[in-house]
Every structure is written in C-alpha cells, then in structure tokens.
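Taken in sequence, the protein lines are chains B and L. Okay, so the first sequence: first residue is 1 according to my numbering, each after it adds one. Okay, so the second sequence: first residue is 1 according to my numbering, each after it adds one.
Since the hints were made in silico from the structure, they are not lab data.
Distance windows between CB atoms, simulated:
#, chain 1, residue 1, chain 2, residue 2, range
1, L, 131, B, 47, 39 to 47 Å
2, B, 47, L, 143, 56 to 64 Å
3, L, 16, B, 9, 47 to 55 Å
4, L, 5, B, 70, 56 to 64 Å
5, B, 9, L, 132, 48 to 56 Å
6, B, 152, L, 83, 21 to 29 Å
7, B, 82, L, 143, 35 to 43 Å
Simulated coverage check for chain L against chain B, where a stretch passes if three residues somewhere in it have a Cβ under 8 Å from a Cβ of chain B:
#, stretch
8, 23-36
9, 105-119
10, 126-137
11, 166-176
12, 180-186
Just so you know, these numbers come straight off a predicted model, no measurement behind them. Don't be surprised by glycine CBs; every beta carbon is placed ideally from N, CA and C.
Protein chains: 2
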Amino acid sequence: MPKKVDPGERRRQIAQALHRVTAARGLDEVSVRHVAAEAGVSAGQVQHWFRTKDQMLRFALDTVSEQVEARLGRHMDEIEHGTPRQAVRALLIELLPLDDERRLEAHVAVAFGARAAVSPEIARSVREGMDQLRGFIAERIRASGAREPVDHPERAAAALTALVDGLAVHTLAEQCTPEDAEAALDDQLDTLFGP
Amino acid sequence: MPKKVDPGERRRQIAQALHRVTAARGLDEVSVRHVAAEAGVSAGQVQHWFRTKDQMLRFALDTVSEQVEARLGRHMDEIEHGTPRQAVRALLIELLPLDDERRLEAHVAVAFGARAAVSPEIARSVREGMDQLRGFIAERIRASGAREPVDHPERAAAALTALVDGLAVHTLAEQCTPEDAEAALDDQLDTLFGP
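Pulled out of the complex, with its shape left as it was, chain B reads as follows (with noise of 0.2 Å):
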C-alpha cells in the first residue's frame, strides 16, 4: 500500500525546491521540470500545485511571506512591546539574507523585485505587503522619543526599506557581507530612533 504524504508537508517540500532553483539559477530557470527534480518528486505532482509558470512564481513569494510571518510571531513580544527601535528592528532583520533561511527568501524577494520593475500585476502584489511593513514603521518612527524628531517619517520609513532592499541585493551578489550589511541598518536605525 502506498505511504500516505501529508498534503501540508508536500507542499512545504515543493516551495523549499522552488526558493533553492530560484536562488542558484533565477527566476526565469524555474520550470516544473527542474523544481520536480530538486524536490525528488515526479512533474506530475508539482503540476497537481500549478497549472501555470505564474502560478508557481506567485506560490514562490507566498510562501516567502508566510515563512517571515511564521518566524514574525515568535518575535511579538518584541514587536508589540518593545521600543520602537526594537520593533522595527525584530522586523527588518527578517528581511536581510543573514542565514541560510533568509538568503533563500531573499533571493526570491530580489527576482520579483526585478521582475516587478517589468509586471505590473507582479508589481501590485509586491506593494501591499510592502504598504503594511512601511505604515507599521511610519508609526514607530512617529512614537518614538529621538532626540531630533524625524520630519517625514512616512518618507523615512520608504527609505528604511529601500535601504533593506538594497542592502539584500548588494550581500546576495557578494557586494558587501552580511555583517555589514546588518551594521548598516543598525546605523540607520541610530539616526532615526537614537542608539
């Protein structure tokens, strides 16, 4: 009799294959037939998940984004009652390639970041999530007691990811080390909510 496989557990099994062809080839190398083989399972059943090329990209970003949420949660304390340094930082340092996890997820982020200066329907995907991270931040910059007030903080919380965003292509192409990477956004959060 055939094993049973936990529909759950496949499905996790194919999105981690996803982020790893994503993060050695790109993204315009992932097809069925190479996510199949890197997740050891037939064609057949990655088709079973996507009908389309396009459905797999946007389970790619999906499950990126329940990955950071799911690792979030277990920072809530922080995040909800800490400072708002605190806050802000327990969320940023989810989004820079500073383990292996993280470098998968990134890698991902950076191709739809590419691929969302060209798509617009990719491109409005992207903004939602990235409208809730920017006005969480907004706030914190605006509740936060900084020795020289922030004028635009909306402005400033753009930059912040901005910054992030960059700093994750410049660590992923090997254009500075994650150690500095981090450095620099410790920096930047020194100038906007003191040390």
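Given chain B's structure and the hints, the job is docking chain L onto it.
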C-alpha cells in the same frame, strides 16, 4: 548604392533598442530577434555585434556605464570642485530613474543586480564599478566637515549605494515616486554631510 551607415551610430541604435526591450520585458526576454525588431534592423546586423546572449547582456551594461559617464563628464566641475555633498549628489542622482533616459538605464541596472545574485561572473563585473563609486563617496565623507563625524565612512558609503539601488527598484516598481526617491537621497545626504 546602399547608404553607408556609421558603425558607431548603428551600435548606439542597437544599444538603445536593447535597453528598451530590457525595460519593457526584463532581461530574460532579451533575444536577438526582439532587439533587431525594436531597432528596425535585421537579425544578422545584431548578430554582427554579438555572437551570444551573454555578449549582448554585457553590452547592455557597458553602454549604460558609458552613458552615465558621458553625463557625469558634463558635471565634472561640480564633482571635482564642489563641496563633498555636491560631488556625491552629482554622482548618485545620475543613478536614480528620474527621467526617461535614467529610467531605461535603471531597468538595465536592476535586472543585472538580480542576475548578479545568481551569477558570480556578472557579480564580478558589477562589483568593479561599485568599488570605485564607494571609494569616491567614502573619501568625500572623510573630507566633509559634517557636524557629527561619521564613524565608518566605508560602511556609510556602501549603505548609501544600497539605498540608491533600493530606491531605483522601488521607483521602477511604482512603490515610490521619482520625487520621493530624490527626497530620500537628499535626506540621507543631509544626515551624512549636513544640510
């Protein structure tokens, strides 16, 4: 008798077509066929310039660098004799997608940034220009008499280039306006050099 075409002119014509195809469809859609159609020349004429897609991609990046350098040449006085803030601003403002020409260039740069994350060879070719740019900025940060001296000029220079790259991605993906991107750069220059 067939009209003689200046080879430099033909090369520029193909480069511009290559940039437009990258901006409209992304790097993975760049092909000899698409570029020839966009330039209004034969596929054979495009192939006269590049034997492989890699050669064509490298050409796209090189011509963007040439265009930026040509524009910087017109601001040499500011770059060499302006204040440190003016010099750094004159350089970085050329990398933000604030008009049609810089938008096309930013599309090429963002696409290459994403590809550098999965291709060590492209990462290497991007890194060279980046090291030069950061070296120049770090020197100007050290030379500036900002109110609060910057502790780590190299790190601050690297962060500033990451911010500009992140702002370019966000502007192209319509996550911020060109005006917001320019204002965010100026905010950061205020922090580093004083207003």
